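Single-letter residue listing:
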Amino acid sequence: MLTLENVTKRYGTLTALDGVSLRIEAGEFFGLLGPNGAGKSTLMSLVAGLRAPDAGRLTLNGQPLSAANSAARAALGLVPQHIALYPKLSAEQNLRIFGQLYGLGGALLRDRINEGLEAMQLADRRRDRVETFSGGMQRRLNIIASLLHRPKLLLCDEPTVGVDPQSRNAIFEFLEKLNREGLTVIYSTHYMEEATRLCSRIGIIDHGKIPALGTLDELLLKLPFEEEIRFPRTEATTALVAKLGACGAVEPGDEHYRFRPQPGYKLSSFYQLTESLGLPARHFTSQRPTLEALFLHLTGRNLRE
Amino acid sequence: MRTILVLVRKDFANFFANKAAVSLTFIVPFVLIWLFGAVFGVNRKDSGPTGIPLAVVNASTNPGAEKLIQALRAEKAFKVITQYKADDKTERPLREADLAALMRANEFRFAVVIPEDLFSEKQLGLHLKIYTNPRNEIETQLVNGILQKTIFSNVPQLLGQSLVARGRGVVGAENMARFNQATADNIARSFGGDSAQILKNIESGDFTGGLPAGGAGAGGDSLLSQVIRIESIQVAGQDVKSPAATRIVGGWAMQFLLFALSAAATGLFYERDQGIFHRIMAGPVSRAQIMWSKFTFGVCIGMLQLVTLFLAGRILYGIDVEHHIGFLLLICAFAAAACTAFGMLLAAVSPSPEAASGLATFSILLMSAIGGAWFPVTLMPEFIQQVSKFTLVYWAMEGFSQVLWANVTFLELLPTLGILSGMTALVMAIAVWRFNRGKIFG
Chain A
1 MLTLENVTKR YGTLTALDGV SLRIEAGEFF GLLGPNGAGK STLMSLVAGL
51 RAPDAGRLTL NGQPLSAANS AARAALGLVP QHIALYPKLS AEQNLRIFGQ
101 LYGLGGALLR DRINEGLEAM QLADRRRDRV ETFSGGMQRR LNIIASLLHR
151 PKLLLCDEPT VGVDPQSRNA IFEFLEKLNR EGLTVIYSTH YMEEATRLCS
201 RIGIIDHGKI PALGTLDELL LKLPFEEEIR FPRTEATTAL VAKLGACGAV
251 EPGDEHYRFR PQPGYKLSSF YQLTESLGLP ARHFTSQRPT LEALFLHLTG
301 RNLRE
Chain B
1 MRTILVLVRK DFANFFANKA AVSLTFIVPF VLIWLFGAVF GVNRKDSGPT
51 GIPLAVVNAS TNPGAEKLIQ ALRAEKAFKV ITQYKADDKT ERPLREADLA
101 ALMRANEFRF AVVIPEDLFS EKQLGLHLKI YTNPRNEIET QLVNGILQKT
151 IFSNVPQLLG QSLVARGRGV VGAENMARFN QATADNIARS FGGDSAQILK
201 NIESGDFTGG LPAGGAGAGG DSLLSQVIRI ESIQVAGQDV KSPAATRIVG
251 GWAMQFLLFA LSAAATGLFY ERDQGIFHRI MAGPVSRAQI MWSKFTFGVC
301 IGMLQLVTLF LAGRILYGID VEHHIGFLLL ICAFAAAACT AFGMLLAAVS
351 PSPEAASGLA TFSILLMSAI GGAWFPVTLM PEFIQQVSKF TLVYWAMEGF
401 SQVLWANVTF LELLPTLGIL SGMTALVMAI AVWRFNRGKI FG
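Chains as they are written, first to last, in our numbering: chain A, 1 to 305; chain B, 1 to 442.
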């Protein structure tokens, strides 16, 4: 559906996107995971036709994507990072304006506004000014405004910034439902929990490049360890740490250690060692590695840096 | 076109939902126009300054001096002070020696001294001294003007006395007496009248008294009062009901309009910062459509504001709007277009809303001052008068004046409309060029 071929975008001396190639199929829920300044918003703005690439090519269903190609852009919906609404106008007035800009009108627009407001649980506030809404409600309305024209591809640029858990869940469920119904979604975030929950495929982006791309399982396989074991920092576990050095990496935290065994290291060997040191098994928690760990492994820095 | 209309409707909905914007665009200018009108005495019959303290020292014994003081007292611009009040509350006539200290103490800023030698046998004319403390130049010019007017309107009577005194100085008192007697006898013989009365009048400087009806100076006026005869003929605006308000409401309206439209244009920054431009430009809306919608909205709101303010002028000061409504709407539309383009240029060249706001304040005040919105351009130095012709305020004011004052035809108005539209096109072209390179839509 969407193809990027060697796309580069520079702002002066800063290279925001550096030869990115990507192919997103129809019906995918594609996550773009990276910290602030990684190039997520630049990639979104290029796909939305707001900026032109310095090099490379973008196509949507075979048609080039550009500011001049309004027919191709009509198939897109953009949920901007900001709450791009008119605060002095009511929810309904806002939706009517954005719908009319896409050529909608009459009963069709009325129906779509009603559907959107119902789905996002905002129907009873339709005549209230947006400025009286909570941050979460504004975010939900921000999404509805991008869907009125029924786009084929929805670009969500960090759509849950500053949202309360209730609104976040409502947004997730709504997007998942739309995706099940066939909407392709590109979702940029720096929250690995969001990418883990929502996305069928994830691209890790950093410094304008995508160093890793795939499903969650495929990405985690790129880590040189399969498990991560957490245990508390106590006098007793200090002795254990000294012996673990040869079996993997131990990373000290404020209150816990994190042990990442070498490939091939057997967990049974680990528990034999703890038993020999008289450490009870309840001190140890084994967990699957996270995207956070993968990002750290790939880039040497944390997602929230 | 449909997209532009949707965007314009959106701007109107947004505008009318914002009570502060509505109030600043319509209600505040209305109130200010009323307030300024009251301050400047627009349409008041007794407009102009009143009660400016004026000290008068009379050192002359000539009865003409007292007449001059009476004339100054009759002038409403002045509150004549002739007495000095001591600390013990006793009073005495002011002396010339008192003036400097009292003026430095700001008791009054202007004084007239009628010296002992009001008339001199050595020199023709009157001798008066005027003391000023010109800490406000405009006030000083105004007071000097009114003083001179009052004095000169009394000069003809006083000048007769000066002539007699000077005659005595030149030919001597005895010869002058003989000359006057012979003159009085000749007048009585030639035109009739009582020779003794005519002589008395000549010696007192009154060259008309005592003559029979139909003689020189008949009608009772002094002969000298007719030395200069000025006829005033008004060639335009004879039918204008409220001349002062008609001239100045346009100036105020232009200034308010520029502020309102610059504020509206800086709203572009808000839409950019909120990501609204990104949202709509990601859809089928182009930046040209956004700019045209802003321009159309600006022209509409500007026209609405100008018409509202002229209606305020109609209600408050009786400006004749209804007889000129067609041309007034036309010039309002062209002025609003020029102001909108100016507001968009400000937004296009400024990096932030704060910078745009500062630039707007500076340029609007400058343009209003030199464009004639505050006071007539003709009062300014010649160089500034030339520069003012490059401001849209000047041409908008010119257009308002042509329509409301000079009652021009469409063909006569056409050059002004042409210049305003030329300015609009030029400013808008620069704004569009800057928008395409700036960060508003980036």
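No lab work stands behind these hints, which were simulated from the structure alone. Note that the structure is a prediction, hence the values are computed from the model and not measured. Every residue gets a Cβ at the ideal spot worked out from N, C-alpha and C, and that includes glycine. Some hints could be false.
[Said to hold, decoys possible] Okay, the calculated beta carbon distance ranges per label pair:
id	chain 1	residue 1	chain 2	residue 2	range
1	B	349	A	131	26 to 34 Å
2	B	426	A	127	43 to 51 Å
3	A	126	B	411	49 to 57 Å
(request) For the range 43 to 51 Å, tell me whether the beta carbons of residue 426 of chain B and residue 127 of chain A fit it or not. (result) Between residue 426 of chain B and residue 127 of chain A, where Cβ atoms are some 45 Å apart, the hint holds.
(message) Is 49 to 57 Å respected by the C-beta to C-beta distance linking residue 126 of chain A and residue 411 of chain B?
(response) Once the Cβ atoms are compared, 55 Å apart, the range 49 to 57 Å for residue 411 of chain B and residue 126 of chain A holds.
(request) Look at the Cβ atoms of residue 349 of chain B and residue 131 of chain A and judge whether their distance stays inside 26 to 34 Å. (result) Between residue 349 of chain B and residue 131 of chain A, where Cβ atoms are some 30 Å apart, the hint holds.
Going down the numbered hints, you'll see the structure goes against none, and every one checks out.
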